[in-house]
Amino acid sequence: MCDSADQPAIGRHSKRSNNVCHKCLAAKPTLKIRHTYYCQSCFLKAFVTKVRVALGKVLRVPPPAKPRVLVAISGGHASRKVDYLNTEKKKFETLVACHIDEGLLFPEIQSNAGTIKQWVMDCGITYEGISLEDVFKREVMEEARPLPWLCTSPTSDPVESVYKAVFAHAPTLTPQALLQQYLASATKLSTREDLLWHLKQTLLHQMARKHRCEFIVVGDTCTRLAVKAIAMTSKGRGYSLPFDLGSGAEWFQDVQFVRPFRDCMDREVVLYNRFQGLEAVHTPSSTTGLPVKSSIDRLTEDFIKGLDRDFPSTTSTVVRTAAKLKPSQEAAQQPACLLCRIV
Amino acid sequence: MPKQCELCGAAKAALRRPKTLQSICKACFYTVFETEIHHTIVQNQLFQPGDRVAIGASGGKDSTVLAYVLKTLNDRYKYGLNLFLLSVDEGITGYRDDSLETVKRNEQQYELPLRIVSYQDLYGWTMDAIVKEVGRKNNCTFCGVFRRQALDRGAMLLKADHIVTGHNADDIAETVLMNILRGDVARLQRCTSIVTPGEDGCIPRSKPFKYTYEKEIVMYAYFKQLDYFSTECIYSPNAYRGYARAFLKDLEAIRPSAIIDIIHAGESFEIRQGVKMPVQGTCQRCGYVSSNQLCKACVLLEGLNRGLPQLGISRSALAKARPHLPSSAPDASKSEMAPAATTSDVRQKDTVRTGISTLDW
Amino acid sequence: MASLALTLEFGGGMELLFGNVKTHKVTLPAHLANDRPTNIKALIGWIRDNLLQGKPELFISDGTVRPGILVLINDTDWELEGELDYELKDRDTIVFISTLHGG
Numbered sequence: 001m002c003d004s005a006d007q008p009a010i011g012r013h014s015k016r017s018n019n020v021c022h023k024c025l026a027a028k029p030t031l032k033i034r035h036t037y038y039c040q041s042c043f044l045k046a047f048v049t050k051v052r053v054a055l056g057k058v059l060r061v062p063p064p065a066k067p068r069v070l071v072a073i074s075g076g077h078a079s080r081k082v083d084y085l086n087t088e089k090k091k092f093e094t095l096v097a098c099h100i101d102e103g104l105l106f107p108e109i110q111s112n113a114g115t116i117k118q119w120v121m122d123c124g125i126t127y128e129g130i131s132l133e134d135v136f137k138r139e140v141m142e143e144a145r146p147l148p149w150l151c152t153s154p155t156s157d158p159v160e161s162v163y164k165a166v167f168a169h170a171p172t173l174t175p176q177a178l179l180q181q182y183l184a185s186a187t188k189l190s191t192r193e194d195l196l197w198h199l200k201q202t203l204l205h206q207m208a209r210k211h212r213c214e215f216i217v218v219g220d221t222c223t224r225l226a227v228k229a230i231a232m233t234s235k236g237r238g239y240s241l242p243f244d245l246g247s248g249a250e251w252f253q254d255v256q257f258v259r260p261f262r263d264c265m266d267r268e269v270v271l272y273n274r275f276q277g278l279e280a281v282h283t284p285s286s287t288t289g290l291p292v293k294s295s296i297d298r299l300t301e302d303f304i305k306g307l308d309r310d311f312p313s314t315t316s317t318v319v320r321t322a323a324k325l326k327p328s329q330e331a332a333q334q335p336a337c338l339l340c341r342i343v
Numbered sequence: 001m002p003k004q005c006e007l008c009g010a011a012k013a014a015l016r017r018p019k020t021l022q023s024i025c026k027a028c029f030y031t032v033f034e035t036e037i038h039h040t041i042v043q044n045q046l047f048q049p050g051d052r053v054a055i056g057a058s059g060g061k062d063s064t065v066l067a068y069v070l071k072t073l074n075d076r077y078k079y080g081l082n083l084f085l086l087s088v089d090e091g092i093t094g095y096r097d098d099s100l101e102t103v104k105r106n107e108q109q110y111e112l113p114l115r116i117v118s119y120q121d122l123y124g125w126t127m128d129a130i131v132k133e134v135g136r137k138n139n140c141t142f143c144g145v146f147r148r149q150a151l152d153r154g155a156m157l158l159k160a161d162h163i164v165t166g167h168n169a170d171d172i173a174e175t176v177l178m179n180i181l182r183g184d185v186a187r188l189q190r191c192t193s194i195v196t197p198g199e200d201g202c203i204p205r206s207k208p209f210k211y212t213y214e215k216e217i218v219m220y221a222y223f224k225q226l227d228y229f230s231t232e233c234i235y236s237p238n239a240y241r242g243y244a245r246a247f248l249k250d251l252e253a254i255r256p257s258a259i260i261d262i263i264h265a266g267e268s269f270e271i272r273q274g275v276k277m278p279v280q281g282t283c284q285r286c287g288y289v290s291s292n293q294l295c296k297a298c299v300l301l302e303g304l305n306r307g308l309p310q311l312g313i314s315r316s317a318l319a320k321a322r323p324h325l326p327s328s329a330p331d332a333s334k335s336e337m338a339p340a341a342t343t344s345d346v347r348q349k350d351t352v353r354t355g356i357s358t359l360d361w
Numbered sequence: 001m002a003s004l005a006l007t008l009e010f011g012g013g014m015e016l017l018f019g020n021v022k023t024h025k026v027t028l029p030a031h032l033a034n035d036r037p038t039n040i041k042a043l044i045g046w047i048r049d050n051l052l053q054g055k056p057e058l059f060i061s062d063g064t065v066r067p068g069i070l071v072l073i074n075d076t077d078w079e080l081e082g083e084l085d086y087e088l089k090d091r092d093t094i095v096f097i098s099t100l101h102g103g
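Residue numbers (the UniProt record's numbering), protein chains in the order written: chain A, 1 to 343; chain B, 1 to 361; chain C, 1 to 103.
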């Protein structure tokens, strides 16, 4: 295909001097974020401001009420920023940090749950630890009432009907066994990753309901969102892209996903942690150590990161494009799937 | 032991169908391949009986198979179409002159009349001459913009009612990805439509291969021993699109339905209200559909003829040249802000082949 | 022959490729066989040959680190230091952090 003009200009260089930080115009720069050179202290300030503004824009409720917030913590780079929320604790009615332990999937690796709990406790934030298999626990379902998206009819009890559906064929199975059976039903890694993602979304949502939180703060960065946008497109998920990327559409009426890092690149978050001496824990994924072509998510991440190295504006362009989409009429009118709640 | 065909159960399987991974025999492959295209044509009501249909023929695999299949289906299902081959001669020595020889053989083989329109006749420039003038960096922009119009003009000369092009499912999926990657929302919304309606004197255009996998087209051409030309254009292919293409091929290897899935996703994208979209009008100079006062081809041509080949390509060149352009300043500046939007609705469909694109990324 | 004492750090999951050890103190010759000063490019090759325990493709692609791996030279983005061509100095600290989720 012959259109070289598709090619974005490589390195549209700034006319400013590259020998001095573009912010303070004094210190020697040590970093380059997109086309701007920063010294370390200016970078840290700019980063914190960016995240604070992003949060402040969204975490709003009519006074005198204060927002009730659940922060999802994986232990990864973006999670470490939870300490920031804590400094603003006065502004929140509720602040809960929720970690989903996926230890069951990776028995050979020691769980990070303890470390993460310690971080959260050190910050003085309420900790809610939950395991992936808890999605099949009755008390978790009960706590998360109401579940309007699981109602088949207004008269039937939603928890009861789901519980029956899950256990009808396997009354004696433990939640662990159920989870393993459930995931084993996906023969392809790409499908398995999707199932896992849905389970985690569901759990977060249930936990938000349990704590009566109206906001769930997640650590999706611009890079992450771009990967997700392309991966979901590749899986035919055009309808739900605006929901899944949280660009102006929400799956539920009672809970809103908040993404304070949506304008930050992965590297910015990693650099911030590095300079602040914050250590992230590494949580393996289903494709850890496997070849690039082992799943769609994995391949897409590789593709986007590769493009972003050669054409640095790619990720933000993708995220901006996705933000211009709205849920299609058709999708809005259809009832959500009972199990995965996807339209 | 060789497998039996999963469709007829009678013959031995000869291939694994890329789209479904079924093992099938050659005869069943021809049947499903042709029938799917037939369904696409019928369900989308692409043609009316008696239509004069121009097949954009480059001599490559897609358009050669398209010509062969359309001819076959027209005879088999009595569409009642008058089919023609329409080729554009960009004037690229060692590439187009050779591929045109293929098209001329196709003319004989399929008994379809052929018409060739050349850049030289239409614009007074061959691509070879343009490359000499502008170098190899932006030449594809010229070629793409000019080809789009050349097909339309050729079709008008042929008094065609309809143009069909060989864009296949892979091309369209790739275009969906490209439009997301470069943030072109206007095209993102349009690029999956199978037909662009003929408005403002334009001829409707369609892509009967919208759901046809490239691999299957190649297989079909191979098994049928169709005569096609398979050399890449000598003027640089594009690195950025190369990434998207490689990604798509890897996706297909992981999940063969990914190509159709991407098209499906593209079809369901809806653009939020309030997002600025180009407004369609016509070019004041040549009358072609354009969202600016001058269409892209006229701007590029103006640049070439005045020895300012960067016109329409870079901002600064446009700014310098603006006083000489008949268009008023505000509109010209609009084209700078969103160069991608300067191309018309009809032309958009050729995104895959053409270089109309966001120049200032 | 002069040598360089370097501190190498691996983070963000990359330590898994290096026996789960995050910090490595290593010594490299200051000059390569061709008499040129040892640079980052040479260091990456050296790491692959001497330290790496995981699969090379999870660390290297096309002669440089895989996209998505961040490199810091004494806490400065390597892009500002000339990337692969940076000439190593004694007591430099080189940090490799993976930003990859799926890898």
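Mixed in with the good hints, there may be bad ones.
[Claimed, not checked] Computed footprint of chain C on chain A; a stretch qualifies when at least three of its residues, placed anywhere within it, have a C-beta under 8 Å from a C-beta of chain C:
{"id": "1", "stretch": "177-189"}
{"id": "2", "stretch": "291-303"}
{"id": "3", "stretch": "318-324"}
[To be verified] Some chain B residues judged to face chain A by a derived CB distance under 7 Å, without partners named:
{"id": "4", "residue": "247"}
{"id": "5", "residue": "249"}
{"id": "6", "residue": "308"}
If you are wondering where the hints come from, they were derived from the structure by calculation, not from laboratory data.
Beta carbons are placed, not taken as given, at the ideal position from N, Cα and C, and that holds for glycine.
Hint check:
no.	hint	in the structure
1	177-189	violated (count 0)
2	291-303	holds (count 7)
3	318-324	violated (count 0)
4	247	holds (4 Å)
5	249	violated (10 Å)
6	308	violated (17 Å)
In summary, the structure is inconsistent with hints 1, 3, 5, 6 from the numbered list given earlier, while agreeing with the others.
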